[in-house]
Structures are given as structure tokens and as C-alpha cells.
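Chains S and C are the protein sequences, given in the same order.
The numbering of the first sequence is my numbering, which starts it at 10 and goes up by one.
The numbering of the second sequence is my numbering, which starts it at 1154 and goes up by one.
Derived by calculation from the structure, the hints in this document are not laboratory data.
Mixed in with the good hints, there may be bad ones.
[As the list claims (entries may be wrong)] Chain C is faced by these chain S residues, among others (derived, beta-carbon under 10 Å):
hint	residue
1	TRP13
2	ILE30
3	VAL40
4	THR41
5	GLY68
6	ILE95
Ideal Cβ placement from N, Cα and C applies to all residues, glycine included.
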Amino acid sequence: MRQWLRDVWEGLFTVLVGMRITWRHLFTSSVTLQYPEVKWQLPPRSRMRLFMKYEDCIGCGQCVRACPVQCIYLKTEKRPATEPAIWATTGQPIKLDVTLFDIDMSLCCYCNLCAYPCPTECLYMTTEYEFATTDLGEHLYHFAKKDARFLTEDPKKKAEPPAPDDGGRAPSTPPASPAGASG
Amino acid sequence: MDLALRLLLELAPALGRAPAWVQAALAAFVPALVCFTFVALGPIVYVYAERKIAGFMQDRLGPMRVGPYGLLQTIADSVKLLFKEAIFPRGVDRRLFLLAPLVVNVGAFLPFVVVPWGGRLQPVDLNVGVFYVIAVSSLATVGLIMAGWASNNKYSLFGAMRSAAQIVSYEIPAVMILLVPVMIVGSLSLQDIVSAQAGGLPNWFLFRFFPLMPVAFVVFFTAGLAECNRTPFDIPEAESELVAGFHTEYSGFFFAMFFMAEYTEMFVISAVTSVLFLGGYFAPLPELQTLGPVPLGWLWLLAKAWLLVFVMMWLRWTLPRLRVDQLMHVAWKVLLPVALALVVVLGGLILWPATAWGFPWDRFVGWPITLVLVFFLLKVMVRALRWSRRRAHELATIGLER
């Protein structure tokens, strides 16, 4: 009889404890984010879509070798001596013309291994993550562009006089949609 | 009934020249229609409330997309169910299969005939009201078994058998407890039972015979919960064991009808519990019974019934499902002995003239208990709100502002 009473009391009491907990949670603010209207602000080092600043690429191909899933396609040609010399913004001379630099984001595993070896830091991951498409082919991003405007002077040399013709520098911030997104 | 007739005659005086049977038929039909509409539209509100409450209790938002704050979600869902094909699997007993949701609904709707919404605002004042409620609400079980049997599916039949076992078991303590107000009042009419609780909160049956009637209330409410197959007792439709129990094979609007029946039954049980224990249409303070010339009785009954519906939802999102043996244990080894003891003890007390209507200290018990309960809930609520604000502030300081 005593055991029975204890069991009944315990049953009732634990129900009340549970009800207290749910009552408390009824009034705590919800953790839901109403996604398209409210977005979680990503930390700056988030590894989302890759971006490549074409004007800085020296065509060394280290990213291609680093990629574990082979999603970076690179083609280079030796820059003819008749063409004017160009430099990356970090100061390395660009000796190779990058004729093709494609990244297939549908293959990318977001490991960021390609960004580490890049000597000019022109390949990096952005916080942009809303790039779903209805066609998988649209995930193949073309970064090589015909009308790129390279630095024609060594940025290390002309440290003291401010270059008057520095307007040729490409915008250094990634545009909202990268160079060949429509390809 | 005469109230409805009087209202009708005021609205359409020409009706006075109509034959008596037309008047009688209209006086019966119009309240029934009003009640039915009210009850049938109720599930739209309850489903929305259930989903919202579930969301909030799990720190979610619940439906938010369809309409402002997701208000139109249930309507969208019911329209979707209406347009869906009603599938009849091969091998079902078509006639029974079609009839079952109707029977379940009839069982859920019929108790409304005797629920008193006010002194005269009652479709029919049956002199065997309590008896009628028990008899009619058992009809739902028949419907469930029909559904399970007609589905020709072992899980459906399992669910139906479980629900039959459960409802039959839990009806016994419920009926035992139903006897207590009946013994106090000496009448089976729900109207008389409510009238005996006039005069504010301390007069409600919940606070009579102080430690005894609250126990009776808990027993009755638990049994009622089991009778409408709500979550701690929802083994007939246990989705993790039986697919969906008796409504596995149902689709489209027939499926929706089972849900309508379930929510209606919830409201019925809550309304009957309020009538028996919480003073029916009487306000906790007699001064609040009317607002000027407007009688508020129906609103009070609605508020009490909705409060109990909320408690049912609250329990649903608090407790896990019972096992079958635990279920039977609760019914036969806990609720039934308690109910029997209560009936015997209270019966004896009622026979004794000094305590025919309650203990002498009952007057001083009702308000303190209510206030302590409300205070406790408010305290937890305020603490939760304060904690939320602090957490929002902390999130903002680390840059995760929303």
C-alpha cells in the first residue's frame, strides 16, 4: 500500500515537473530564424562559394594540385614576350596567360585546401552561400575573362611615387555575382 | 429551447402564425445548427492552437507562412484534404469504411445537445443529461472499431482493439467520478448540476470537500483524456508502433473527419468537465456574470473549456506515450480504486447532514489555491521571459543578433 501511494505520488509529481518545464518553454523566445527574411550573419571565415580574383592569378596551378576532388580546371599559355609585362597586386610577375580558370562548385567539397597554397591569395572562399540553381551546369563558374586589366607596373617598385595610371586595377572586392556566372 | 423560439419570433414575427410543429422544428433545428457550426469550425482553431503551442513549447515558432502568423494554415490544410482523393484500398469493407468516420463524428458531436451554455441557453435540458453524455460519447468507440475492422489492415485493427480496451477501461473510473456531482446534487440534469455551483469560485465542485474533490477532478480529467485518445494515452494511433492506428488507410476528407472528431471530443470532454467541476457557465466572481445587460455565461463556459483544452495540449507536449500495460495499470490499479474510494467516502459524507454540501472549510480554500497556482505559473513565466531577454542580449553582444 505504501509503495502504491509512493508510486502514485511520484507519477503525479513528475507530471507536474514536466508541465512546469513545458510551461517555462512556452514563454522562452524561439530559436527559429525565418530564413529568407532573417539571415544568420555568417562569421567572416565561413567556407562558402569560392571566388577567384583573375587579375592576381599567376597560373601556378597549385590550387589544382591541392584540390582533392579535382574541381578546378586551369589552362595556361606562356605569355608572349611581345606583350607588356604584368604583375599581380602582391608583386609577383605574371608570366603565364590564364586562358581558362573554371571551378565546378557542384563538385567542390568546401575544404579550403586550394586557398592555402595560393601564392597571391587570389583564390579564397566567400560567405556567399545562396547560389542554388535549377541547372547543375550553372555551378561551373568561369573566372577567366578577356577584358581583365592587369597591373602593368611592378607594385613593389613604385612604392614612393603614387602611380597616376593605377586606374587599371580591377575592383578588389568580389562582385555580387562572379565573373562568369552566366556561363 | 423556448429561448431559441422566442429569439426566432422576435426576428421573424410572421413565424407566430406558422403551425406549432413548424415552430417546434425550427426551435430545435436552429440551436442545433448554431451548435454544430460552432463545434465543426472549432477544430480549425484547435489545430492551429495545438501547432502553435507545440511550436512554442519546443522553442519553435509553429506555422508562420500561410497568412499572418500562419493563421490560415489550418484552412489551407483542410482545403488540401478536401481536394485530395479518398483512396479505398482493395479489400476494405466499403460500407463500414465509409460509415466509420461518420459514426465517430456523431459520437463526438452528440454530447453537445445537453451542454448548458447559460440558464436557458441549452439545446435540450435532458433530465438524464449525465447518463446521456456517457452513453453517446461511447459511440465513438464503435466508430473506431468499425474503422479498424473495415480497413482490413492488421495495424488498423490493432489500433481499434487498443482504443476499445482503453476507452472501456477508462470509462469506468470516469463514470464513477461522474456519480459524485450527481450524488451531491441529486439530479442527472446538467442544468441542475451547474445551478448547484452558483455563487463564485469557492462554490464550484472542484473546491467542495476540499482534499477529495480535487482528486476526483484529476481522476475524471485523466480518464477523459484517455477517452479522447490524446497523447499520454494515444496508443490507438501510436505512430511509432502502429503506423497511424485505426486511420492508417484513410485519406483525404475522411482522414480529416477523424481529426475533427478527436478535437471535438476534446472540447466536449473539457466542456463536460467544466460543467461538472468548474461551475459551468458561472463566473468565478458573481459580479462578472453579466456585462451590463449582456449575459456572459456562455463566454465563461467557453473560457473554462478552452482552458482545459489548453491543459490537454500542454500535457500532450509534456508527456511521452504510455505503454499498453502501463495504460491498463493506471486505469485498473490507480484510477479505479481511487474513484471507488471517493464514491464510497463522499457518498457517506453526503448522507451525513452536516457535510451534505461540503466541509466547513471549503469557503476558504478555493481562492487561495487558485491564486497560489496562478502566482506560481506567473512566476515561472516571468522567469522564462527574463531569461529570454538576457539570452537575446547575450546573442547580440557576440554579434548573432536576430
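(Q) Just to be careful: measuring from the Cβ of S:ILE30 to every Cβ in chain C, is the smallest value less than 10 Å? (A) With a minimum Cβ separation of about 7 Å from chain C (threshold 10 Å), the hint on S:ILE30 holds.
**Q.** S:GLY68 as chain C interface residue, shortest Cβ-Cβ below 10 Å
**A.** 38 Å, violated
Q. Should the hint that S:THR41 touches chain C count as held when the rule is a Cβ pair under 10 Å?
A. 4 Å, holds
Q: Could you check if S:ILE95 really has its C-beta closer than 10 Å to a C-beta on chain C?
A: Constraint on S:ILE95 not satisfied, violated at 40 Å.
Q: Grab the minimum C-beta distance from S:VAL40 to chain C and call the hint holds if it beats 10 Å, violated otherwise.
A: Holds - the Cβ of S:VAL40 comes within 10 Å of chain C, reaching about 5 Å at its closest.
Q. With a cut-off of 10 Å, does the beta carbon of S:TRP13 approach a beta carbon of chain C closely enough for the hint to hold?
A. At 8 Å from the nearest chain C Cβ, S:TRP13 passes the 10 Å test, so the hint holds.
Checked against the numbered hints given earlier, the structure breaks hints 5, 6 and satisfies all the rest.
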